[in-house]
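Turn these sequences into a full structure, and let the hints steer you where they fit.
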Amino acid sequence: MREDGAVTRFDPDPAAPPRRGGGILRGLAGLLGELLITAGVFCLAFVVWQLWWTDVVSDADAADTVAAMEASFNDSLVPQGSEAGGNADLRQIKLGDAYAVVRIPRFGADYARPLYQGTTRTILQRGVGHYDKTVQPGEIGNFSMAGHRTTYGKPFNRIAELKPGDRVIIETADTFFVYRITDHEIVLPTAVQVVLPVPNEPGVKPSEALMTMTSCHPEFSSRQRYVQHGILETTFPRTDGLPAEYMEVST
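Take the sequence shown: its letter number 194 is residue 687 in the numbering used here, and every next letter is one higher.
If you're looking for bench data, these hints aren't it; they were derived computationally from the structure.
One should not assume that every hint holds.
[Stated by the list, open to error] Each computed DSS-like pair below joins lysine-lysine, with the alpha-carbon atoms no more than 27 Å apart: (1) K626 with K587; (2) K587 with K647; (3) K647 with K626; (4) K698 with K626.
Encoded structure:
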């Protein structure tokens, strides 16, 4: 302190050894800051990959698969006048095989996703999966499908927008199967009864060709499942084509 009472800066003895404690703490703080920044970058990259890049990859893969199936279907068309609805070949589909195209007019005129046999994690990363313990399209019972609502192409992202009367079209090598939405429900992931031969009615023998679609609910969560149910409205031989009115969307 100066004689006039003013406080002056204290200058340590230059010959005194440096105080190491403060330097170590500052180094640790800097290292922690760098680690947190690195972790933040990795988290951001993961979010971008999960929410955007998986869609890009899956959409491209789905488009290629649909195009390949369409070409294959055209090469193996059944003779003109054959009956629609023959599922003998569909019963021989192997796990992981793509064998049909799912079209949902409510989701857009260009909406087309491959339908794979099975609902494993790998399968659902590529498109819509068919519950392999349920019947095939057009058969008596409950033809059931699952699809992601977010990520991996999110084929069922708009499942909650479907209304009673909306159509879901399953295109196979020889037949268009046209289902009509009847109702929906929200259930827990453990509610396997929604894909029973008669949904939610254990032990009841089916008498109609039904359909069920399942996806996670709400979006970005797997706490519940959003479920849409439908019934077979009609079928058309693929050689005849699908009438244009069946791709129209009711208001």
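Index of numbered hints that the structure contradicts, given in increasing order: none
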